[in-house]
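Asks: What follows is the residue order along each chain.
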Amino acid sequence: MTAESWQIVWFTAWISGLSTLAILPFGLPLAWLLARRDWRGKTLVETLVTLPLVLPPIATGLILLELLGRRGAVGGWAHRNFGWDFVFTWRAVLIALAVMAFPLFVRTARVAFEEIDPRLEQIARTLGATPAGVFLTITLPLAARGILAGMTLAFARALGEFGATIMVAGNIPGRTSTISLAIFQSVQMGEEDRAWPLLAASVVLAFAAVFTGETLLRRSRPRFRKAAR
Amino acid sequence: MLLVGRFLSAAEITVSAAASLQEAIAEVARKFERESGDRVTLNFAGSNVLARQIEAGAPVDVFVSADEETMDGLAAKGLLVAGSRRALVSNRLVIIIPADRKLNLLWPRDLAAGVIERIALADPRAVPAGRYAKEFLARAELWNAVQDKIIPLGNVRAALAAVGSGNADAGLVYRTDAALDRRVRVVCELPPPPAISYPVAIVAEAPSLDGARRFAAWLGSDAARQIFRKFGFVSVQP
Chain A
1 MTAESWQIVW FTAWISGLST LAILPFGLPL AWLLARRDWR GKTLVETLVT
51 LPLVLPPIAT GLILLELLGR RGAVGGWAHR NFGWDFVFTW RAVLIALAVM
101 AFPLFVRTAR VAFEEIDPRL EQIARTLGAT PAGVFLTITL PLAARGILAG
151 MTLAFARALG EFGATIMVAG NIPGRTSTIS LAIFQSVQMG EEDRAWPLLA
201 ASVVLAFAAV FTGETLLRRS RPRFRKAAR
Chain B
1001 MLLVGRFLSA AEITVSAAAS LQEAIAEVAR KFERESGDRV TLNFAGSNVL
1051 ARQIEAGAPV DVFVSADEET MDGLAAKGLL VAGSRRALVS NRLVIIIPAD
1101 RKLNLLWPRD LAAGVIERIA LADPRAVPAG RYAKEFLARA ELWNAVQDKI
1151 IPLGNVRAAL AAVGSGNADA GLVYRTDAAL DRRVRVVCEL PPPPAISYPV
1201 AIVAEAPSLD GARRFAAWLG SDAARQIFRK FGFVSVQP
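These protein sequences, in sequence, are chains A and B.
So in the numbering used here, spot 227 of the first sequence is number 227, and the numbers just go up one at a time.
So in the numbering used here, spot 149 of the second sequence is number 1149, and the numbers just go up one at a time.
These aren't lab readings, by the way, just hints derived from the structure by calculation.
Hints are not guaranteed to be accurate.
[To be verified] Non-contacting residues of chain A with respect to chain B, defined by C-beta distances greater than 12 Å in every case (computed): (1) 56; (2) 70; (3) 82; (4) 92; (5) 117; (6) 125; (7) 137; (8) 166; (9) 185; (10) 207.
[Stated by the list, open to error] Covered stretches of chain A, as calculated for chain B (at least 3 residues, CB under 8 Å): (11) 127-136; (12) 169-181.
Heads up, the beta-carbon is just placed ideally off N, CA and C, and yes, glycines get one too.
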């Protein structure tokens, strides 16, 4: 594999991981709110969050392009105030991947929260734990399996993202080229030879992600059983 | 009787044409349909993508590329009807900037200036418009200075859109593209070399060979030339 291909593989793994982490601070509270609280507009928020899962990725990419472009609401503001650009940069890749993977994470984490017996949390409260303490010591550990599964799914989704990314980040070698974009490009140019190593790398990455997720789940299962009793 | 005869011989012709030809070829095809009774289906993309489709056996009758090199590739593989290839029109490259930005750009060498952070091109590794642009910049000894600013895009229209939306500070596209978008302003026209040539050829495995011949011949008619000229293309004398 050439140095260029390594760079693409490394960038893809790195940016997919980063986008998965970037989802957490938004996705976890939202999943919890959706699972445990009833509030006005809940269904609307739920639907909005799910949209990237069902919209054509290119359409999501177009929405992001309109928002993040230099004349867009978010992109224009960031450009004026911080001199930041999103479109055609790694930031656009990060955002596109995070948006596309967000619904998978939230849906999985939500189910994990829903499966926890509320009485366990109530008992902890009666024993003097603060709400934050209950969340950190009871809710989060009990939901950890589902959260990990959600992160694995999100990472895997990010690895394979294509439509939204090419729309908003372009396919700039050394800067925004991910494995999927590079494979597409090499086939377009009639250079399938360049695509095979990338294909192999994406299989390895996806395998590693799913395998790691499965292993983590298996290891943590007994501890949860104990905690659940 | 004449009408019936024409109806029986009406063909379904598929034409693959470079993205930069979109509006011109569409108008040419509409006029051709009215005069011949044939039906024309149009397929636009970067010339490299279209060539790949033909290599993969796509049912295309006529191919108009934005460069000779892409056509050479197909000819070398025996995918074109021998003797059907000829130069159709020519074009010029221009430097464009977003119309609403007050950039003091006059010459190609200004592309190296610090205020120009991103330059949109069709991908120079594959798409003709990008290859022409790179060749121009290399000849002007500017390529090394601007290399890191290049945003390579899938075809020349994507480069036009990137400048039009303000997401790129400048771009190199065809004069004919720039004329279609009011959101961009032309800084200067770039003289050849490289000379830009759009060749046309009939695909060897054309499903509708007779129709392909009629359409290819009609592309050289005065009516067709007039349409190409209207969109800013330069006619090539046969």
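Asks: Give a verdict on every hint.
Replies: Results of checking the hints against the structure:
1. For residue 56 of chain A, the requirement that its beta carbon stay farther than 12 Å from each beta carbon of chain B is met, with the minimum near 17 Å.
2. The non-interface label for residue 70 of chain A is inconsistent with chain B: the shortest C-beta to C-beta separation is roughly 4 Å, within 12 Å.
3. For residue 82 of chain A, the non-interface assignment is confirmed: its Cβ lies about 15 Å from the closest Cβ of chain B, beyond the 12 Å cut-off.
4. Its closest Cβ contact with chain B, about 10 Å, brings residue 92 of chain A to no more than 12 Å, contrary to its assignment away from the interface.
5. With a minimum CB-CB distance of about 51 Å to chain B, residue 117 of chain A clears the 12 Å threshold, and the non-interface call stands.
6. No beta-carbon of chain B comes within 12 Å of the beta-carbon of residue 125 of chain A; the shortest separation is about 52 Å.
7. With a least CB separation of 47 Å from chain B, residue 137 of chain A remains clear of the 12 Å interface cut-off, as annotated.
8. Residue placement check: residue 166 of chain A does not keep its beta carbon more than 12 Å from all beta carbons of chain B (closest about 8 Å).
9. Non-interface status of residue 185 of chain A relative to chain B is broken: a Cβ of that chain comes within 12 Å, the nearest being about 8 Å off.
10. Distance check on residue 207 of chain A: its Cβ is at least 30 Å (rounded) from any Cβ of chain B, clearing the 12 Å threshold; non-interface status holds.
11. Given a C-beta distance limit of less than 8 Å, the hint that chain B covers the region 127-136 of chain A is violated, as 0 residues qualify and 3 are needed.
12. With 4 residues having a beta carbon nearer than 8 Å to a beta carbon of chain B, the region 169-181 of chain A meets the requirement of three or more and the stated coverage holds.
The structure fails to meet hints 2, 4, 8, 9, 11 from the earlier list, while all remaining hints are met.
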